[in-house]
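Q: Can you make the complete structure from the sequences, with help from the hints?
Protein chains in written order, with my numbering: chain Y, 1 to 214; chain A, 1001 to 1584.
Derived from the structure by calculation, the hints contain no laboratory data. C-beta atoms are modelled at their ideal positions from N, C-alpha and C, and glycine is treated no differently. Any given hint might turn out to be false.
[Unchecked claim] Output of the computed footprint for chain A on chain Y, the stretches with three or more beta carbons under 8 Å from beta carbons of chain A: (1) 115-121; (2) 139-148.
[To be verified] For each label pair, taking beta carbons as the anchor points, the in silico distance ranges come out as: (3) Y:E129 with A:D1092: 19 to 27 Å; (4) A:P1273 with Y:E130: 47 to 55 Å; (5) Y:T77 with A:P1268: 56 to 64 Å; (6) Y:P117 with A:S1128: 14 to 22 Å; (7) A:L1083 with Y:E198: 26 to 34 Å; (8) A:P1268 with Y:N139: 52 to 60 Å.
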Amino acid sequence: MDLRGIVSFNAIFALLPILVFAEASVEGRVELPKSHSAPVMAKRYEIVTIGGVLATQPPLAVVYLDGSFPKPKSPPTKQIAQKDLAFLPSLLPVQVGTRVEFPNFDDAYHNIFSYSPAKRFDLGRYRPEERPIPSEVFNAPGLVVLRCDIHEHMRGLLLVLDTPYFIATDEEGRFRLSGLPSGHYMLKAWIDSKTTREKPVDLKRGATLHVDFL
Amino acid sequence: MMSFRTKLLAAMMLVVSALTILGLYLAQRTVAAGAERDLQVNFQAEVSWLHKVQELRHAALLERCGALVAKPRIHAALEDNALDLLYPSAKDELRDLMEGDEPSPEQAARTLHARFYRFLNNTGAVLSPPSPKDIGDLSADTEGQLAFKKLPEATQIGYLPESTDVAEKTVDEIMAVPIFSTETGDVISALVVGFEPFELAGQRTGAGMKSGIWLNGVLHLPGLSKSAQAYLGGKITNTVTKSDRAQSNFTVSVNGAPHLLFYERLNPDSLFPPAYEICIYPLADLMARLHRLRWQIGGAGALLLLGGFVASNFVAARLSVPVEKLAADSEKNRAQRERAEAALVSTSEELKRSTRYSADASHQLKSPVTVLRAGLEALLTHEDFKPEVYEELSALLHQTHRLTGVIDDLLLLSRMDTGHLQIESEPVNLSQLVEEWLDDLDALPDSLDVEIEKKFPAELYVAGEKRYTSLIVQNLLENARKYNRPGGCIRVAAHEKNDEVVVTIGNTGALIGRATQEHIFERFHRGSGVTAVSGQGLGLNLARELARLHGGELTLVRSDNDWTEFEVRFRAVQPAPSRAPEVA
Chain Y
1 MDLRGIVSFN AIFALLPILV FAEASVEGRV ELPKSHSAPV MAKRYEIVTI
51 GGVLATQPPL AVVYLDGSFP KPKSPPTKQI AQKDLAFLPS LLPVQVGTRV
101 EFPNFDDAYH NIFSYSPAKR FDLGRYRPEE RPIPSEVFNA PGLVVLRCDI
151 HEHMRGLLLV LDTPYFIATD EEGRFRLSGL PSGHYMLKAW IDSKTTREKP
201 VDLKRGATLH VDFL
Chain A
1001 MMSFRTKLLA AMMLVVSALT ILGLYLAQRT VAAGAERDLQ VNFQAEVSWL
1051 HKVQELRHAA LLERCGALVA KPRIHAALED NALDLLYPSA KDELRDLMEG
1101 DEPSPEQAAR TLHARFYRFL NNTGAVLSPP SPKDIGDLSA DTEGQLAFKK
1151 LPEATQIGYL PESTDVAEKT VDEIMAVPIF STETGDVISA LVVGFEPFEL
1201 AGQRTGAGMK SGIWLNGVLH LPGLSKSAQA YLGGKITNTV TKSDRAQSNF
1251 TVSVNGAPHL LFYERLNPDS LFPPAYEICI YPLADLMARL HRLRWQIGGA
1301 GALLLLGGFV ASNFVAARLS VPVEKLAADS EKNRAQRERA EAALVSTSEE
1351 LKRSTRYSAD ASHQLKSPVT VLRAGLEALL THEDFKPEVY EELSALLHQT
1401 HRLTGVIDDL LLLSRMDTGH LQIESEPVNL SQLVEEWLDD LDALPDSLDV
1451 EIEKKFPAEL YVAGEKRYTS LIVQNLLENA RKYNRPGGCI RVAAHEKNDE
1501 VVVTIGNTGA LIGRATQEHI FERFHRGSGV TAVSGQGLGL NLARELARLH
1551 GGELTLVRSD NDWTEFEVRF RAVQPAPSRA PEVA
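A: Have a look at this one:
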């Protein structure tokens, strides 16, 4: 709940200026892969690799509207924290050009780096009190696998998207994207590192389209 | 007598020699076995030490390599499609593997520093490094030997002959550690690290052991000359290809000196070509030591033998003295015994002869005497002789009676002498016997007028046969009367004492001279100067022999002061039950 709150809050916060002029919405459901672990009270999302595919556990999807949109003038700043030797959130969709901060909330060193083609970076070792908070700007779209050089089990996913219209589903796969421009687009659902589904959508002003990725 | 000493000496020397030889043999064997055991123990200790060190080193290397391949950056480079970052990342991550303080050559083998490393791609081929200088230069050929046809699932240990400019080829120990994807769990790569080989030489000085590695038919043993290496390499190749054994040893000749060679597979079950650890151990030292020991043992044996000889000589001399004396004495004794035996035999024969003679003579005499007596008795029946003639005939007849008595005595004696006489013992009332004989004496017609004193109970039973017991009593009583003087006295006393019946018969009259007292019991002995008395000198002898036959004894108690007294002892018995009512 905690995580979802942050995700929703971030999304709403990011889309707030657009929301005012929004004319179209999309809602629906993405069929998520079956969860492999039994549901627990305090749900945590973590990155699991099954057969070389990176996904969150329990599964989440990111739904976004693919298209050519203008880049934001002042990119928003987002955060992926390191808490209890894990990335939080473990999956973060951001728009290209977004600066992401990686605050360390553990009482230990972390060394965030990525060798992913979308972004290679290495923040070096730092402690919680490191200021300014180490951050990185992500200018190329793609999936960035976050690793910690000190804690080899830590994995985080940063989905850099070339669109301002995106949202993470809830754990049932439900989503709602509002304030979308009208027109003909491709609506995509990122499910895991190897699976992205897409559907063409015709968005009309004031209308709410229902799209399911089943 | 010398021969005994010589024999003893020879026997002792034989024993000493045998013991010495046995001792030497056993000592030699023990020493040889001990030396071999020592060698084996020593060798095994060396080898196991070597293996322990190697195992430790392998474990350490493995742990290190395992830790290295788990590094997130290496995984990131392999998994996040960033192979270009693999070697640069590794250079950072494996920095301490390659760098650090430059170890001295002696330490090199002990350290865990790698000489080179390479990554393999997912097909098992070597991923070429951008700058080989940083991670250990390898020739293309050598690098090619690191590749696998398929990535191994487990760590592989191998050996790599490295051709360098140095005259001697060295062998690197290589360890291929698979890298598993954290995403799929598959082997996605492998890290191959080359280390300085571990060398025993110089690690333990004094052991004399050299170790090297046999690989692909070539022996790499730096301590040996090239030709020796080639020769041994061929031998090991032969042995290893013929046998499946992972380890064994055999004796080889290196430069003309015997060596014990031990080999053991270094990388069993490895995908790399088989390599063998080779240890050679010079036996020359051991053999020299054994040789020296044998000489020492031989010397000790010779000394022992010499000592044994001297001691034997001494002991033989000491021992032979009493033995020789004993032998001489026994020889003398034997001669004496033989003489005594011969004498005994002749005496016995003489006795037998005389006994036989007595018996024969008695028998021969009996008939003529009977005839004589019959003739005399017949003459006495004639009535036409003069009275003097009758007197003469009576005297002659009396003499024939005496002669018959003598003959009877002689016969009895000879029977006793031959041991043919045996009495059938029964209770005999001695008192009654004595009474009867005293009555007979009273009845004798002579003028001696002897007074008889009696002092014995009415019944005294002794063990005997009546006729012979009676003969003893008769003899003694007759003597007491015969040698008495007119108006003399005979005293007969008897009593029982300590299961014996003691009878004393004393008489006045002629004494027995002191000189003759000890001969009176001899056969045909008669008191000197007592010619007036009739007798043949057989009576006392017969009486004593009979008394002894009765289990008793006859002795002369005294003969002085007009008194001569004999004592005869019998065994006292209880009266026969059948006769008890009569006695009662």
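Q: If a hint holds in the structure, say so; if it does not, say that too.
A: Here is what the structure says about each hint:
Using a Cβ-Cβ cut-off of 8 Å, 4 residues of the region 115-121 of chain Y lie near chain A, which meets the minimum of three, so the contact claim holds. With 3 residues carrying a beta carbon less than 8 Å from a beta carbon of chain A, the region 139-148 of chain Y meets the three-residue requirement, and the given coverage holds. Between Y:E129 and A:D1092 the beta carbons are some 26 Å apart, a value that agrees with the proposed interval 19 to 27 Å. With their beta carbons about 52 Å apart, A:P1273 and Y:E130 fall inside the hinted range of 47 to 55 Å.
Separation of Y:T77 from A:P1268 is about 59 Å and conforms to the stated range, judged on CB atoms against 56 to 64 Å. At roughly 21 Å, the beta carbons of Y:P117 and A:S1128 sit within the given window of 14 to 22 Å. A hinted range of 26 to 34 Å for the beta carbons of A:L1083 and Y:E198 is consistent with their spacing of about 30 Å. The supplied range of 52 to 60 Å is met by A:P1268 and Y:N139, whose beta-carbon atoms lie about 54 Å from each other.
In this structure, none of the earlier numbered hints is contradicted; all agree with it.
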